[in-house]
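If you want the building blocks of each chain, they are given just below.
There are 2 protein chains.
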Amino acid sequence: LAASGRHPDVCEDRIIDLAALASKDRLACQPSLFERDSLNAFMAAGPEVWKTVQTTLTELASDIEALPSFAASDVEVLLPICVADYVDFYSSKQHATNMGQILRPQDPPLPNNWSHLPIAYHGRAGTVVVSGTPIHRPWGQAKAPQKAMPSFGPTTHLDIELELGFVIGTPSKLGEPVPVESATEHVFGVALINDWSARDLQAWEYRPLGPMLSKSFATSMSAWVMPFDAIKDSYVLQPPQDPPVLSYLRQAPWALDIDLEIELNGNIISRTNARNLYWNISQQIAHLTVNGSCLRTGDLLATGTISGSELSSGGSLMELTSNGATPITLADGTERTFLCDGDRVSLRGSTPHSPSVSLGEVTGTISP
Amino acid sequence: LAASGRHPDVCEDRIIDLAALASKDRLACQPSLFERDSLNAFMAAGPEVWKTVQTTLTELASDIEALPSFAASDVEVLLPICVADYVDFYSSKQHATNMGQILRPQDPPLPNNWSHLPIAYHGRAGTVVVSGTPIHRPWGQAKAPQKAMPSFGPTTHLDIELELGFVIGTPSKLGEPVPVESATEHVFGVALINDWSARDLQAWEYRPLGPMLSKSFATSMSAWVMPFDAIKDSYVLQPPQDPPVLSYLRQAPWALDIDLEIELNGNIISRTNARNLYWNISQQIAHLTVNGSCLRTGDLLATGTISGSELSSGGSLMELTSNGATPITLADGTERTFLCDGDRVSLRGSTPHSPSVSLGEVTGTISP
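So the sequence lines, in the order shown, correspond to chains A and B.
Quick note: the first sequence, position 270, residue 270 per our numbering, numbers continuous.
Quick note: the second sequence, position 77, residue 77 per our numbering, numbers continuous.
Keep in mind the hints are simulated off the structure, nothing from the lab.
Being a predicted model, the structure only gives us computed values, none of them experimental.
Careful, some of the hints might be misleading.
Put simply, identical chains are the same to the list, so a pair is met inside one copy or across any two.
What the hints assert, rightly or not - List time: in silico DSBU-like cross-link candidates among lysine-lysine, alpha-carbon distance up to 35 Å: (1) Lys51 with Lys147; (2) Lys173 with Lys143; (3) Lys173 with Lys147; (4) Lys143 with Lys51; (5) Lys232 with Lys173; (6) Lys93 with Lys51; (7) Lys143 with Lys93.
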């Protein structure tokens, strides 16, 4: 993970070497939890261990110069987790409404199941890549509405999806649903996710089994996972759920107040916030496991695109440009509907109140 | 995997201990490839090693009594592979047509993209279980057409899906599509798959992102993976593809002549054959990677339900009973539309010509 092969924690431009700290008996846990190329062993150790390490590190941070560390510029970051299953939800009502209007103009914008269950699909775990990994423009099939036959070539509608991703630490058992009240006990932390999407491929392939190649070429994840416990101060009230949800999804409503932004080639093209998401991670876990499915350490559960109610708060170019009808003008005078080769996208997130907690960023540049 | 924790190969009612053979330098490969709880290390070693081991074992089998082995009855079988990503295709034209007629009677039975690309979705890798694992009847949401609101409870439409699963041995690189001509070089072997499905949950949840909880509770896999090389004698001509496929999917057409059957509580309720599948694994791999997605060792690529053109050759109860309208009568006089608690299902496969190669079976019994 770091140049030394050890797992580091970040502090300004220095990265603390947790394996070195643990080997000196200063973290009250086994060094083997960090002498790995992913966080999975530490995540599997459970909430007590996470809390001990976090508390100890907070105390040690008062004398940060004395801790073993690397310069951030000397470190090659790797994917922070070994992804077990990758699940992508669809939990922004505004995004689902916008997509329905664009993709299925003849139907009601929200599918009739949408308000009753947190819709989701499985994405490709094997193509989740760390922030900074170049994104190859995918090829595939698309079909223009007026054409009889599909065409084949590089996507012309390459898009961003601004998301948060929740990482599962402690597993659950096959056949035993996780109750909504205790679901967050399984959550190790949260990261930023860019679920790159090829809209032309998606429109042609997604009926009846959902998106596949339009998403599977790459999903970018931030290199740092923020412990879930560290963002609990950002709890706010969840938007009301109407119609009322079934009892297995009912809970004290909460959402996360996290400011989010999309930067494209140095231009901030969207600002939004996660607090308006209709479904929260407790409900998503309760739903995902109510059929007896188990959670595994390393499961990545993403929110789906997070969009606000303004045009300027869309979480994708498809929404920000009304499916290409109203291009965005960048500071260099060029216009964008969808992404061009060479475009660099960064997603950032942070809690709005002092002391702000930053989720860092996830970046990616489009290769031809 | 075996009682000893070593990987065995089966021979009648004895299971050969490959780790013990390799440690005596009799397999021309490292014992560490088999001293594991899955086949993944051996699968990652590549076609040359697979071939060497297979050839050597075939020679040694002439004196099978002299080989280190276990009695099959002493062995607890484990899932033979550590599943990376699980992809389920939809490659039986008859099945896709039947499902379209039942689920979307107002639309043409085959979606307009179906003949142009091998449709697929990602399933849940974490709930692929070995043959013999009890299958808990899943709970979830369903909505009767005449009702305004969904209900919650155990599925009343628990179904079988008869499939083959191809296991990826050697990986491919991110950003580098696998050409259709060389795709089978990545395939280690083939297994039997039962992709259990809750049809009532599926009908309610699957729009617009595809099936999720209706499938994710469990997928059963046979305990033995047949090396792909061992079934090459069963190649037959693939059914004609019309309209012609795009060039990246074009190849010398082939299919696998494998007889398949479904047994329910001792009654054979369906007989079909894999030779009628419209898409083959070469085309599926070429399609899956044409967008730059990579393959990983342990990827499981299932065919989707395999149905023939007769009512008695359906690969699911939904087809065999016309969505519950025409129950099956079993030898004990009871009727079935969908599965009851306590029902035991076995899927079997073998090549029809002498010497027949058996894929063994995958079984599962429904728990309440």
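Now for the hints, and whether the structure bears them out:
Taking the shortest Cα distances, Lys51 and Lys147 never come within 35 Å of each other, neither inside one copy (58 Å) nor across copies (47 Å). Taking the shortest alpha-carbon separations for Lys173 and Lys143, only the inter-copy value of 28 Å comes in at or below 35 Å, while the best intra-copy value is 43 Å. Taking the closest pair of Cα atoms, Lys173 and Lys147 come within 35 Å of each other only across two copies (33 Å); inside a single copy the shortest separation is 49 Å, beyond that limit. Within a single copy, Lys143 and Lys51 get their C-alpha atoms no closer than 52 Å, and across copies no closer than 43 Å, so neither meets the 35 Å cut-off.
Proximity of Lys232 to Lys173 under the C-alpha cut-off of 35 Å is restricted to the intra-copy arrangement: shortest distance 26 Å within a copy versus 39 Å between copies. Only within a single protomer do Lys93 and Lys51 lie at most 35 Å apart by alpha-carbon distance; the minimum there is 34 Å, versus 54 Å between protomers. Both within a single protomer and between protomers do Lys143 and Lys93 lie at most 35 Å apart by alpha-carbon distance, with minima of 28 Å and 21 Å respectively.
The structure shown violates the earlier hints numbered 1, 4.
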